[in-house]
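S.K.: This is what each chain is made of:
Number of protein chains: 2
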Amino acid sequence: MKPLALFSAGVAATAALAVCGALAGMTVHAETPQSDVAQSGAPRYDASGKLILPADYRDWVFLSSGIDMSYTEAPAVAGMHMFDNVFVPRAAYAAFKRTGVWPDKTVLMLENRTGRTKGSINRQGQFQTGEVMGLEAHVKDTARFKGGWGFFGFGGDHAPAAMIPYAASCYACHQTHAAADTTFVQFYPTLLPVATALGALNPAYVAETKDEPKP
Amino acid sequence: MKPLALFSAGVAATAALAVCGALAGMTVHAETPQSDVAQSGAPRYDASGKLILPADYRDWVFLSSGIDMSYTEAPAVAGMHMFDNVFVPRAAYAAFKRTGVWPDKTVLMLENRTGRTKGSINRQGQFQTGEVMGLEAHVKDTARFKGGWGFFGFGGDHAPAAMIPYAASCYACHQTHAAADTTFVQFYPTLLPVATALGALNPAYVAETKDEPKP
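Just so you know, the protein sequences line up as chains A and B, in that order.
Numbering-wise (numbering that gives the first Met the number 0), the first sequence opens with residue 0 and increments by one.
Numbering-wise (numbering that gives the first Met the number 0), the second sequence opens with residue 0 and increments by one.
Treat the hints as calculated values from the structure; they're not laboratory data.
Check before you lean on any hint, since a few could be wrong.
Intra- or inter-copy, both count: the list cannot distinguish identical chains.
[Stated by the list, open to error] Calculated pairs, DSSO-like style, for lysine-lysine (alpha carbon to alpha carbon, straight line, at most 27 Å):
| id | residue 1 | residue 2 |
| --- | --- | --- |
| 1 | K145 | K96 |
| 2 | K213 | K96 |
| 3 | K145 | K104 |
| 4 | K209 | K117 |
| 5 | K117 | K213 |
Use the sequences and the hints to build the structure in full.
M.R.: Shown next as structure tokens:
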């Protein structure tokens, strides 16, 4: 099965997780105190530096969803549809709207859910089911990560996740193609106008999309 | 163009809006004070009883999104894709999770956005664009609406909207087919398990879907 990816740019989440697993425990950081951060949505790490899945991410601000998105021309798997939902803590969302930049300690959560057509009275299109097929995080933590950001893919057990290595394609792809602050704001319709108005767009993104229709 | 509809069950939003327009000012209620309700997400009405668009609905809790959903077998419009995003105020979401029922003064907002495939580096599937094609509200206000709930469709100018008449198909359809409290909880994946566990499912929905796969 081929998961989405707003974050992983066509790199299968399962592959990313396998890489993470191999590196478990490689980097050791002090555990983050749980006080203060639970409300703010700031990242929490375990004693080995793995990211703890934010339990309340569905209560965060919704940035957008897509379906069957892929950054390659490879065809999708027949008969399988995958939504991606992206959430960010309320304080981070408010800060981005003011500045066009994510504040330090921002966590963006990407959730994949299987789509289905036939269910109850629905007959066309796709709705999202209870089946969560993937959870990834993109974390801004400038004291911790080279370049300021780290990617994480959680397994089905939702156990803390080790950082995906910097050599993974997600890092370079976000750096090059993401509309603002290495995040795919071009796919977050309430934030793209904000970043545009604040002059916060990545020049490489602007050049790459100059002939595209707006919005 | 054929908009979706979690709320309007295949009734084109444009048709619903036309109906609303014809009834503008039919029912007169006292204007709701703005204090107290802004935080809670409770409905606000103008002096003629029209619903004021909640300006901050994108900051509410996201229930789910679908794409090209329709409750009829009629084929979709070729080359046009439409997402629907549903939001509910945080306090109402928390109350539903406790009780399986929406508290009085709950507003569910449905937002339609055009989907697009080609944009920036995306090559497959659909992402949501800045083009909002429809905004509808489903409001629980037991002192105001027969059966407790009213539907509203906002025009492109986002002006206050008159209630869609009770004879519109959305009312009977939600009463008959919606999974819980006349809302399509079967399409809200974090709430369906809650309503199921709390015994809050509509018996007609349970009977209608007894042979379907779960979740």
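S.K.: Against each hint, give a clear statement of whether it holds in the structure.
M.R.: Status of each hint after checking the structure:
{"no.": "1", "hint": "K145 - K96", "verdict": "within (25 Å within a copy, 40 Å between copies)"}
{"no.": "2", "hint": "K213 - K96", "verdict": "within (20 Å within a copy, 39 Å between copies)"}
{"no.": "3", "hint": "K145 - K104", "verdict": "within (14 Å within a copy, 48 Å between copies)"}
{"no.": "4", "hint": "K209 - K117", "verdict": "between (39 Å within a copy, 13 Å between copies)"}
{"no.": "5", "hint": "K117 - K213", "verdict": "between (33 Å within a copy, 12 Å between copies)"}
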